[in-house]
Amino acid sequence: MKKKTIALLAFAAVLLALLTAPLAAQKNPKDPFEFPKLNPLKTPPVTQMTMKNGIRLFLIEDHRFPTIDMQGLFFTSSAFEPAEKTGLADLTGTVLRTGGTKGCSGDQIDRELETMAASIETAIGSENGSIYVSILKENLDKVLPIMADILRRPAFDQEKIDLAKIEARTNISRRNDDIGQITEREFNKLIYGAQSPYARQPEYATIDAIGRDDIVAFYKSYFHPDNLWLAVWGDFNTKQMIRKIEAAFGDWPAAGLKLPALPEVSYEYKPTVNYIEKTDVNQSNIMIGHIGGLLSSPDYAALSVMNRILSYDRMFKKVRTNEGLAYSVWGYYGAGYKVPGVFSAGAQTKSGSTVKAIRIMLDEMKRICKEEVSDEELKRAKDQFLNSYVFQFDSRAKIIRSMLLYAFDGYPLDFSEQLIKKIETVTKADVLNAAKKYLRPEQVQVLVVGKQADFDKPLSELGPVNAIDIAIPVPVGDKAPEATPETLAKGRELFAKAVAAMGDPQKVKAVKSVRTVVEVTQSTPMGEMTMEAEMVSVFPDKLHVALNTPGGKMNMVVNGDKAVMKMAQGSMPIPEGQKKELREGVYRDMFYMWQNLDQYQVQFLGAKKFADSEAIDLAVSGFGASFHLFLDPRSFLPCGNSYMAMGAEGPATVEERVSDYREVEGIKMPFRTEGFANQKKASGQAVKTIQFNTAVSDDLFKID
Amino acid sequence: MTKRSLRVMVVLFALLAFCFSSSQLSGQTLDKMKTQIQEKTLKNGMKFIVMEQHEAPVASFHVYADVGSAQEVEGITGISHILEHMAFKGTTTVGTKDYAVEVKVLDELDQVYEKLSREESQLKPDPERVKELKVRFEQLQQKAKEYVVTDEYSDLVMQQGDNSSNAYTSSDATQYIESLPANRLEFWMAITSDRFLNPVFREFYKERDVIMEERRLGLETQPIGKLLEDFEAAAFKAHPYHHEVIGHMSDLQRIRHQDVKDYFKKYYSPSNLTVAIVGDVDPQEVFKLAELYFERIPSGPRPEPLRTREPEQWGERRSTVKAQSQPVLIVGYHRPDVRHADNGALDALANIIGQGRSSRIWESLVKKEKAATQVGCFNGFPGDKYPNLIAFFSFTSKDKTAAQSLDLIDKEIEKIKKEPVSAQELAKYKQMTKKSLIGQMKSNARMAAQLTYYDVVQGDWRLLFDELANIDKITAADIQRVASTYLVATNRTVGEIIPEKN
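These protein sequence lines are chains A and B, in that order. Numbering of the first sequence is given in my numbering, commencing with residue 1 and proceeding in unit increments. Numbering of the second sequence is given in my numbering, commencing with residue 1 and proceeding in unit increments.
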């Protein structure tokens, strides 16, 4: 070829190559990337000022959308309520909004706000009392006065207080429905103390004890302008907004309050193992841990990194990598602004992996206290913090809300920036030191909520187990009228008649033990279940039940203060609540009553409808039990009793109706019992045989 | 002026005020937003919509796959949701220690599963053979596990700063959401294009188990879950809205690995994917990178649109579930899809009759009669891409019945057909919708979701910005008309939880 042609061809080849070459090669997601410099975070102007009456105001303009939002914080806390009125702060926070104002009812306010698609919400928690307002900007002039009225002139209408109390009581009755809720709440009680203001829970009695006066007094103690930090953000002109807020709140007089300090938390490190029975689940909720710390701790940066590695790289991956070991697992070093948080690691796992999961979590805690984390883990954790930092301030709402919180809690306004700078410098040694200083793997408290019958190993392998009773204390049932000598005498007389109707009263007195074989039918989620059972009861406090369940034989033994359940796998203690119920059954027993009549008070109340027919109503109390005993008006034989117990939906009236009397060894006994809870049939029992005073070996009641 | 005419003027001014404020919003904010949006469709049909938002150096990425449980047929119900789970399991490079070896084990695993499946489905399966195959299956699963790098996809995105990696499946669509610092744009391109170009559905059988457990815990043990599943099945006799996103248990037990691969191929072709990116990005740069990373995905045909349409009901239908729960009532009336001209009026109807504590049924059932503790009304059940239901629900109070709730709801329906709603209620609806719409546009992530939804389901992302003007056009007469047209007894399905004795 001629030189020129070759050159041309070469040139053409190069040109072709250039034209068809890709712009760049596609990277693989795991390749190293060189990211362009990130644009800086904007720092929009924030106006801060303190009004004459003490309101600390923070404002930031945002003209992208025609909305305005406000958040106000008052320094108050549920920790300030008296223990016997637990729930007061929460009710006050609710009724502050729902109870109306001096000029407008709660319902009217609801309607007005809804018409404008405006919302005002109030609440009081353990760290503050808050108000949140969200509106379209065109409605500011209508909503601001309503907001001011709610804060300055709340009416706390009695009807709305009653409504809020009904809701509070319903929440109490439902608080054991959800396993997650139980776990978190009870763990908090372990760490802070069951009676601690940071962990105690409202009860029916404490809700009942709260009156309107209490609510008004609580409100008056804390809701004043010199106790308010208020942030406003959205589409407005700052000067104009300040003027409007002055107009609405300016003449609200400062109170010069002397506010209490939040109660101190003093924690004693100690290892404990705790168990709460929940039988309607096939998984366990586990929490292990101890007290955490404060955000202001100088080690908080290292702790954050340590926690991230411990919970994500270690516990999450390890516990989940083990096949089917957990649905979820996590760890959290809780740090509060003013009150120390809780350090906890937790998991939800199949019942059959409970102890295994706990051991793995404990091992990981120990490991991070012994060995330095890897370079890779450190880098990953720090990257995750540093790279997601930008999201903390990606909107003006976020910017001002964090500023509000820092100001309220006495933290420097640039706390986040300082923290991220510290995180950048955290080393492997720092992580190890933080772990050594703040984690106590040998002194963790363990809480398991689940069904111990299905555990892989007994929980006692981890240490002595404390079974926690979460039965909700039942309010006292209908109070019987004042007993008079007449009604008491008549009561005893009728009771004696009942015994005589059963048989020779001397014979009845001589019955010291009863052996019964029954067929029990119980309504369960799986439908009706029928089982055969043999019960031996030796007064006053020995009971043995042998049950033939579809899953195998099961024995239950009550002996004095102890009670266990025995199965093929071994025996397990019966939780407090059920134990109490089993033991209390004897106090309603006719034989026991007759033999200890001087310890009972039996009051004749009159005639009452029971099981669709007229009956004699006797109010009985003794040995701490209180119930109604109903007698047939013609035969005087007992037709049943009723008492208050804890049902699935809250306190329930339990009725036991007996019938089908037949003679056994000269004593008339009912061969049929039906159990009702709140008028609904719950169980039935058909007796096969009854024997009195059989020879019973003490071994039968042995508790291993 | 007389008292009467004064009153008229007051009302007129109030209405005018509302009109003015709505157009203020349209004038300033929305038009400006529109100018910040650009779109581009790649050669293989994949569409990118990019909106600039420079408030903070972040960006949200939203991938919308136009496939939901409505695309599923009997035998593979639940597969769209399975595929969503599978999308987190990695690719030929992400999530594996050595794909070349791993793939051989996975293939063998599938083959053994086929044999096992076939043997078990014989009329007389050979127990020895079954046992042998089960053992082999377990061995292979264990072996395959050795090559897995667990959660590598999630680790990679989290390390880059993503705290809100998520995905969800509905009857209408499957959507994948990420938010990252804005300078991670190319990283997102790389990891996402890889995700859809080279997916590997590893740990398939294990994940199938997880999903079955999800169905057990989330539906079969929840009274409301059971109610909704049966209610849907009764309301839709033909259209695939009749089954739940989670799928039937028997299908979940038998869906094969190959089924998932086939479904992916059919429904995740680039022409069926729409992406919205909202944040501190340059649209031209985004399109350049999109071409580089996503055009390598081979184009495929757009899946055939769904054939089956739900015919008109011949009469009212009923469904009941017995459970340990207080009574719950749900009533649904058939209505057209979201693109229909009646959509706005049906929205207004639901709002006025049943959204919020000053709505008609709340005032009647909760406040006045105390027949229920919670009531509501909503459109778009279970989806809105196809003709769906406008539904009312009631959680009855203790000692009250579902029949009482139904009766009271009926009364409110008859009232709203007879008398036009008040100006105040209409104004309330417009305010609530406006506020809610603004809320949906405030964050990058929500904006990206809206853009893809409007583009795919409504036909054009620009329609999002017409919504406010549309709201203003609704009249009381429109609401009366749609109530009379759709809230008719023969057009309804009633579902009820009947409490089971404890």
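Keep in mind the hints are simulated off the structure, nothing from the lab. It should be emphasised that the depicted structure is a prediction, and the values quoted were computed from it without experimental measurement. Note that beta-carbon positions come from the ideal geometry of N, C-alpha and C, so glycine has one too. One or more of the hints may lead you astray.
As the list claims (entries may be wrong) - Pairs of lysine-lysine residues, derived as DSBU-like cross-links and limited to a Cα-Cα distance of at most 30 Å, are as follows:
#1 A:Lys27 x B:Lys43
#2 A:Lys30 x B:Lys145
#3 A:Lys428 x A:Lys566
#4 B:Lys473 x A:Lys356
#5 A:Lys356 x B:Lys97
#6 B:Lys145 x A:Lys356
#7 A:Lys609 x B:Lys400
#8 B:Lys134 x A:Lys350
#9 B:Lys322 x A:Lys350
#10 B:Lys206 x A:Lys137
#11 A:Lys27 x B:Lys265
#12 B:Lys143 x A:Lys457
#13 A:Lys318 x B:Lys40
#14 A:Lys165 x B:Lys206
#15 B:Lys322 x A:Lys608
#16 A:Lys428 x B:Lys40
#17 B:Lys206 x A:Lys318
#18 B:Lys473 x A:Lys681
#19 A:Lys680 x B:Lys473
#20 A:Lys137 x B:Lys417
#21 A:Lys30 x B:Lys400
#22 A:Lys160 x B:Lys143
#23 A:Lys680 x B:Lys115
#24 A:Lys30 x B:Lys104
#25 A:Lys102 x B:Lys368
#26 A:Lys142 x B:Lys368
#27 B:Lys398 x A:Lys609
#28 A:Lys318 x B:Lys266
#29 A:Lys102 x B:Lys367
#30 B:Lys134 x A:Lys457
#31 B:Lys266 x B:Lys40
#32 B:Lys134 x A:Lys160
Stated by the list, open to error - Anything over 12 Å on all C-beta distances counts as not near chain B; from chain A, calculated:
#33 Ala118
#34 Ser266
#35 Asn559
**Message:** lysine 134 of chain B and lysine 160 of chain A were given as a pair; does the straight-line alpha-carbon distance stay at or below 30 Å?
**Reply:** violated (63 Å)
**Prompt:** Are the Cα atoms of lysine 30 of chain A and lysine 145 of chain B separated by 30 Å or less?
**Reply:** holds (21 Å)
**Request:** For the pair we were handed, lysine 134 of chain B and lysine 457 of chain A, check the Cα-Cα distance against 30 Å.
**Result:** Distance of about 28 Å is within 30 Å: holds.
**Asked** Between lysine 134 of chain B and lysine 350 of chain A, does the CA-CA distance stay at or below 30 Å?
**Response** holds (23 Å)
**No chain B beta carbon within 12 Å of serine 266 of chain A's** = holds (35 Å)
**Message:** Next pair to validate is lysine 137 of chain A with lysine 417 of chain B; report whether the Cα-Cα distance is within 30 Å.
**Reply:** Roughly 34 Å separates the two Cα atoms, so the pair is violated.
**Message:** Can you confirm whether the C-alpha distance between lysine 318 of chain A and lysine 266 of chain B stays at or below 30 Å?
**Reply:** It is violated: about 37 Å lies between the C-alpha atoms, which goes past 30 Å.
**Request:** With a cut-off of 30 Å on the C-alpha distance, tell me whether lysine 356 of chain A and lysine 97 of chain B pass.
**Result:** Distance ~28 Å between lysine 356 of chain A and lysine 97 of chain B Cα, so the pair holds.
**Item:** Pairwise hint evaluation, lysine 350 of chain A against lysine 322 of chain B, where the allowed Cα distance is 30 Å at most
**Value:** Holds: lysine 322 of chain B and lysine 350 of chain A sit about 27 Å apart, inside 30 Å.
**Item:** Pair hint outcome, lysine 680 of chain A versus lysine 115 of chain B [Cα-Cα no greater than 30 Å]
**Value:** Measuring from Cα to Cα gives roughly 52 Å; hence the hint is violated.
**Message:** For a C-alpha distance cap of 30 Å, please report whether lysine 143 of chain B and lysine 457 of chain A respect it.
**Reply:** holds (29 Å)
**Asked** Is the hinted pair lysine 102 of chain A and lysine 367 of chain B satisfied, with a Cα-Cα distance of at most 30 Å?
**Response** holds (22 Å)
Hint violations for this structure: numbers 3, 4, 10, 13, 14, 15, 16, 18, 19, 20, 21, 22, 23, 28, 32 and 33, all remaining hints satisfied.
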